Structures are given as structure tokens and as C-alpha cells.
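Peer 1: Single-letter residue listing:
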Amino acid sequence: MATLTADTATKISTEGLSEFSDLRDALFYRLNVISAAGLFVDTYYPALSSSRADIASFYMPASAMPDGKPLPVIVYNGNVIPDPTAMQTLFQEQMPEARYEIQDYDCQVLNPHYIAEGTQGSSPASGKNMTILVTVSGHVKFGEPRAATMRGFSENFVLIPNPAAATNTRGKHIKGWLIQSQNFRLVV
Amino acid sequence: MLQQPPPPTGPRASGRLASSRFPSRGGIQKRNTTPARVDKDGDLVMDQAGPNGRASVRGRGAAIRGSARTQRNSTSDPLGARTSRPTRTGIDPSAIQKAVLRGMGSSETAPRGPKSSLRNVRGRGSARPTDEAWDQITVKGFRQSKAAANPGGGISELIAFLERKATHPDTPETVKIKKSRLEGDALIISVRPEDTSKIERLNKFQFAGATLDIEVSRRKTVEALASNADSETPNTIEILKSVLSRRYNTEAKLLDLSQLGSDPELINIGMFSTSSRESKFFPALMKICDSIFTTAHAKEEAIVSVSLANNALTTIASVTTLSQTFPALKNLDLSNNKLKTLTALEGWRWKFRKLDQLLLTGNPIESVVPTYKDEIMKWYPTLTTLNTVRIRSLEDARAAVNGKLPIPVLGPSFRDEAAISETFVKQFFPAYDGDRTALVNGYYDAQSTFSISVNLSAPHAAEIKNHKLPGWEAYLRKSRNLTKITHTPSRMSRLYTGTESIRDGFTTLPITRHPDIMAEPQKWCIECHTIPGLPDPTGQSSSGVGGLMVMVHGEFTEIDVSTGQSTAMRSFDRTFVLGPGGGAGGIRVACDTLVLRQYGGYDAWQPEEENPTSIPTAQAQHQISVPAGFALSGPGKTEEQVQKEVLAVELSKGTGMTLEYSGLCLEQCGWNLEGAAVSFEQAKATLPAEAFVTS
Chain A
1456 MATLTADTAT
1466 KISTEGLSEF
1476 SDLRDALFYR
1486 LNVISAAGLF
1496 VDTYYPALSS
1506 SRADIASFYM
1516 PASAMPDGKP
1526 LPVIVYNGNV
1536 IPDPTAMQTL
1546 FQEQMPEARY
1556 EIQDYDCQVL
1566 NPHYIAEGTQ
1576 GSSPASGKNM
1586 TILVTVSGHV
1596 KFGEPRAATM
1606 RGFSENFVLI
1616 PNPAAATNTR
1626 GKHIKGWLIQ
1636 SQNFRLVV
Chain B
-11 MLQQPPPPTG
-1 PRASGRLASS
9 RFPSRGGIQK
19 RNTTPARVDK
29 DGDLVMDQAG
39 PNGRASVRGR
49 GAAIRGSART
59 QRNSTSDPLG
69 ARTSRPTRTG
79 IDPSAIQKAV
89 LRGMGSSETA
99 PRGPKSSLRN
109 VRGRGSARPT
119 DEAWDQITVK
129 GFRQSKAAAN
139 PGGGISELIA
149 FLERKATHPD
159 TPETVKIKKS
169 RLEGDALIIS
179 VRPEDTSKIE
189 RLNKFQFAGA
199 TLDIEVSRRK
209 TVEALASNAD
219 SETPNTIEIL
229 KSVLSRRYNT
239 EAKLLDLSQL
249 GSDPELINIG
259 MFSTSSRESK
269 FFPALMKICD
279 SIFTTAHAKE
289 EAIVSVSLAN
299 NALTTIASVT
309 TLSQTFPALK
319 NLDLSNNKLK
329 TLTALEGWRW
339 KFRKLDQLLL
349 TGNPIESVVP
359 TYKDEIMKWY
369 PTLTTLNTVR
379 IRSLEDARAA
389 VNGKLPIPVL
399 GPSFRDEAAI
409 SETFVKQFFP
419 AYDGDRTALV
429 NGYYDAQSTF
439 SISVNLSAPH
449 AAEIKNHKLP
459 GWEAYLRKSR
469 NLTKITHTPS
479 RMSRLYTGTE
489 SIRDGFTTLP
499 ITRHPDIMAE
509 PQKWCIECHT
519 IPGLPDPTGQ
529 SSSGVGGLMV
539 MVHGEFTEID
549 VSTGQSTAMR
559 SFDRTFVLGP
569 GGGAGGIRVA
579 CDTLVLRQYG
589 GYDAWQPEEE
599 NPTSIPTAQA
609 QHQISVPAGF
619 ALSGPGKTEE
629 QVQKEVLAVE
639 LSKGTGMTLE
649 YSGLCLEQCG
659 WNLEGAAVSF
669 EQAKATLPAE
679 AFVTS
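Protein sequence lines correspond, in order, to chains A and B. In terms of my numbering, the first sequence is residues 1456 to 1643. In terms of my numbering, the second sequence is residues -11 to 683.
Rather than coming from a laboratory, the hints here were simulated on the basis of the structure. The hints are all genuine.
BS3-like mimics (lysine-lysine), calculated; alpha carbons at most 27 Å apart, straight line:
id, chain 1, residue 1, chain 2, residue 2
1, B, 472, A, 1630
2, A, 1596, B, 342
3, B, 192, B, 164
4, A, 1596, B, 361
5, A, 1596, B, 339
6, A, 1596, B, 472
7, B, 511, A, 1596
8, B, 456, B, 466
9, A, 1524, B, 414
10, B, 511, B, 456
11, A, 1596, B, 366
12, B, 192, B, 268
13, B, 456, A, 1596
14, B, 392, A, 1596
15, B, 134, B, 192
These numbers come from a predicted model, not from an experiment.
Let the sequences and hints guide you as you build the complete structure.
Peer 2: Okay, structure coming up:
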């Protein structure tokens, strides 16, 4: 992939993309990836606070890596959570009230040409055949919001395209990206 | 301030109707007494005690004499709170009271002053309201006023002035000066006791260019009372202290402030004779509580439970200071008040953050707001028991108290593959400190990406709170914090792709020194796991190849190259995605994201202790000796009695409590063994030694 500078990005957006096929792809991916990461951060954390019944829907279906290790990978303060349902149950039934403030997030394309095994993927022009690394830094208050202490956390995700979204022709609202890997750590 | 009660008709008759005739917006009211004092602000409202209506017993400070002493003597009564009977706390404050009383062989339902002593007081103050009951106030200074030249020396002007100024513009009732007479330079006026404080407030007011000197010279009724008692003059504080100590149960750690309005000692000192005194009473009581304890901890230790039952409270406004004085209160009894809505409790919505048990039974809210229990449960996440019903597990409550997570903080989850991550991390950070160009050449390739973002608002370690925090100038132009950087070209340009670009990025960042991973492992939290779906460098697999996620949390110092001194200390979170490639060890860095934040220390990821607070599930059985025939059928014994004894033996075996205490505990829990066991767990720390079987 070519490097995009501010100049080329501006140039592309003003002069059209026809002559910059490589750059076009790159820009396409990066714009897509930022909006995907932003949307993810904007929906996932509120769900952890107030719609915990939706938590499992953010994850890829439970499956296994080629070597048999379970997917998605969910690690929470060093605890390996077996599957999305367990994660949701943990939050629904045991986790104290939690308020998150996202103070920083960043993202990178991890694999720009990704098609999940056994699927067709989206059309190449959609810019959705990729995986995304999202890193988040912020603070969280567990328990009584006014009494709780502010804990700094660091979390990262690998998002993969939702195959259901690729074949979704009925305009239903389906998440475009699902969590394949997640690691949460309280750091302060 | 004061809604004027109608003239007293009959002491008892009007009193019984007090609350319905004079709806108050709040306050403590004594039952069965003469006119209710209602504070418009919803402040403390306690009915006066005496049957003599407005001519109630009142007084302050030195004016109080024999009556108080009489009352103190009465504290030796068996129902006084300083009972030697050990009681339990943490179950149900009113049940505790009952238990105490039962133990004392009384049929009373709540501790209070003995009726006989109350009658004595009434007997003394039984005069019908007459002018004998008026307070006398001395007003001086008016001779220097311009009005003194007026016909009559300005006296009528002065009286009109006092009445006008003392009357609150928002209240219908007016302050009337009943009588006045001149004594030299002083005007002696007589007013109703309710109005005394209003006149008193006018001290130092300007009247026609002169400063008035106003002093209460006689509180009639108190003097009348004192006249047939000795001359001891304890002050109000001492009396309130004695009230507190009488109402404090050491063993139960219970401060019983129920039925305050009928406390003879308080009535005697005229605590409830005016709304102004009433409104000051509870805050004063709380202040004294504060002054008794030198530390918040001592207070928390000494008073675990407070009862405000049977105070006719319509809101908590008048007693709101309780939450300031006892913020860590565990058990609160608000039963048998007139609390009707959640709004009436709103003032304590965010208070009592450690509340364990709450009693609201006997309040209209039960029928008016059927869902109040759900709401209260939300208000108090630590509450386990509401109206003696268990609403939440101890674990959940504990988690709420500490904000503690249901799953412990564990050490790093390091699930490496062929020591790839370990090798990488051990090489990466020394190289990042030493030779970044070589590092980039060794691990990064044309498709590698790197970005750095600065979290300016991250929480930082407590120990650096008062230090000047280092600035971020060297990083901000590179920061790709997407919550802050919204301009697309900036977002694009701040992502470094390829060796050359990443090298430029790395080498223009400040020089760093990371702690040695092997020497100071506690300063690092390094985790890793495998993931699929990385780009296949050979281009053969579109579903990708396996790789490793490596997450590193740690700290570094920045070094001033010219002096070698460290200039700033920061924390970082760095995430790498490692895949197969042409770099050192056959790997490449696919992605590298670096988050910088203020120094946050390394306590957060230190593994927690092994669940030290969990309650053992299987409890050892205690050896107890059961008296002959106990828990067995016998002549004259009902089957119910036998069952109860069986339960007591069971509980005793499980808890080590004596049979007597086990029985008490069971009775409070409706002879539910499980409930009793739970109550025991809650209260056991506060139980006296004699509650247990000696081993």
C-alpha cells in the first residue's frame, strides 16, 4: 500500500480517483476503517453500560482457529472469557454498574485483503474485505458512579467483517464488523 | 417561618389530630400532644410536649434547671438505652429494640422515657396558657433614636417596629407584643414563646438611627418550673449529650432516635416549643455526635445503626444532617413515619453509600408508590435488606461498595507461540531505547503500520497528583487520537506506513529509557495470544495466516540527550500484531499502535489476592450442649415449640451461638433457618462474646 499524505488525500478528494487506483484503494480502506472503528467505539461501550443484553451481538460467532483455539479471543484483566455469551452473562449478572469514558482511540488496517474462509466476502469495491485493529484508552467507573474511583483502562480489538452484512440485501440493520479478538486491562 | 397553630383547645384531643389538621411538609412530630408545629421550610417539626399549649416548657442554656435534673435521674429507668442486655445489630433495628425490651420484661414496643416521668413533667407545667407563659424581653438603646423625641418617647413606634420586623413577610401570622413596660432606659416586652426568637433576631437592628440591644430576660415557664427545683444549671449541650447517651446502645451500636417528639428530657428543655428551636435541634444533635468522636473511623465503629422510627417524618429534610454525620451508616430504620413519596427521601438519594439495611415499613410510600422498592434498590447498590427482606446478595453488595469486579485482576495472560512474543518484547524495548533505526529495519516492512496517540486526560497515579505534569509538545503533532483529530487529511497523514515512514516517525520522538523487563518485571504487563487472519505474505490465503497479538503496558522516562538526565516519566500501552515475515526471527510487525498517557503507575495490573472475602460454603459444626429434653416433645410442650427448639439447635450448631441467641435470631427472621443464618453472618462481628457457646 502506498503512503497517503495530507496532500494526496486532499488531491484525491478534489481531483477524483480514476488515476490513483492504489491510492484510491488505500484511501477507501482508511476512510472505511476509521468510520468502522468510530462506530464500533460509539456503540460497544454504551452497550457495556446500559444495554448489556446486546453485548454478545458485538462478537463473531463462537468458532475455532485452525489449531483448535477458541474464537473470538476475549481476555479481561488476565481472565480468559470462553465465549461471547459468557462475556454477556458476566456483565448482565455480575458486573457492577460501569461508566466508560473514551478519551483516545486509534485504528489501523490489519489485513487489507481479508475474506473469511468459506465466505465470498463483500464486493471488492465495498472496501469491507479487511480486518481492523482498534486501540482504546480511557477511564471507567465501576459501581456507584458518584462514589466510584476512576480507573484507567487500555483495550484493543481486532474487528472482522460480518459475513451476514455482506449478504444482507434487505436493508436490515446488521453490524458490519464483529469482534474477533479483545483484550481489556485496567492500567491505572 | 412558623405556621401559626390555632389556639389550643384541649391538650390531648387536638394533639391526636395534629398531623391531619396541620399538614406539614416535613419534620418530626410527637404523637398525642398539643398543636403541631409546622415549619414551612419543611424543617424539623416536633410537637411540643406539655398539655399547656403555647405555654410550653422551654428554655435554653442556663435557664434550665430542675426539670433537666429530674429527667437525668430518670435515666436510670430500666428502659433507658444503656441496658446491659446484649443485643444484636445488623438484623432489624426495631427488632433489636423489641428484643431489648422483651429482655427487660417490658411490653413497650420502643424504648423511651418512662411514662411516669412524663406525667410528672406534665403535672408541673399543667397551668393553662396565661400571660404567665409569656417570655420577657429587654429592649435597650432606643433612647438614642430620633424617635425618642416623639410624643410618648417613641415607645409605640418602637413596638410597631419590632412587631413589623419580627413578622416574616411571607407568613400570615404576625408577631404581637402582648405587654410592655418601661424600666429606666429599658423597655420590657412580653411575647409568646414562639415569637421570642423572632424578636431576639432583631438584636443590633437599627431603629431610627439607634442600635437596639435586645436580650431575653425571662423565659417564664422555665423559671416557673425551676422555682421548685434546685438551682443546677446544665447547659443544652450537656442535656443533648445525655439524651444521646441514653439513646445509645453500646452493644448494638445503635443510636435510637425514634419517637424524639415524646422524649421527656427534650420536652423539658423546650426543644420542640418553637419551630425555630425544633429546626435547630436535629442539626445540633448531629454536631454533638460529631464532636464526641475524634475521627470518622471511631464514629463509624461506634454507631452502625440509627433508628428514626415513629417520628412522623413526612420528608427527611429535617433530619438530613444525619447523612453528613453518619455517611457510613450500615442500618437505618425509618419505619412508621409519614414518608409518602420518593421525593420525600430524595435528599438521601446519593448519601449512605454503605447502607446495608433499610426499614421503610409503616410509611404511606408502601401503598402510594408500589414500585418504591425497585427504586430504593437502585439508589443504594450496597443495600442487601429492605424491610427485612433480602434483596441482594452480600457479594453483589460488596462488589458495589468497592466497585470491585466479579472476576479478579489476574496476572498477564501470556499465551505465546514458540516464545515468539517473549523474544520480540525482550529485544524490542532495549532497541527502541538504543537504536530505533536498526529496530525498524529489523522488524518492519513496506506494509507495516505505526501510529501514536496521546491520551491527555487519562487518570494518573495518585502519587504524582501534586506534581507538575510534563507537557506533550513533542508528541501532539504526531498524535492520532481519533477522538481529537477529526480532520481527514490529519487522520491520514498521522499513520506511518512502511519502513521509511515509520523510521522517520520513530527517530523524531523523544529519546526514552524503559525499565529492564527482567530486573523490574512488576513495572510491565505483557500479554499475548494468537489470532488468525493476518495478511499472508505469500499472497496464497485470502483468509490469512496466524499471528500474535502482543499487548504491553508499562512506563518509560524521557532522556535529555545532552545531560543524560531524565526529563519526564510517562505510561504507555503498546499493541503489536506480529505475523510471519522477513524480519528478525522470521516475523514482521504488521501493526504497531502506541498510546501515551500521564504516569499511572503499575498497581493496576498487580494480581489480586486469592478471594480472601469469600464466605466458606461448608461451615464446621459447632459443639453445643443441649439441655435435657430440649428440642424433644414433652408434657405441656406444643409441637410448634419443639420445632422452634429444633431450629435453634440447628442454628446454634451452624453458628456457634448459644441456644438463647439462636432462638432470638430465629424469631427475628420468622423462624426461617436460612434467613437466620444470613442475618447471623451479617451481625456476627457485632455480637458480644456471651452470644457464643464457649468452646
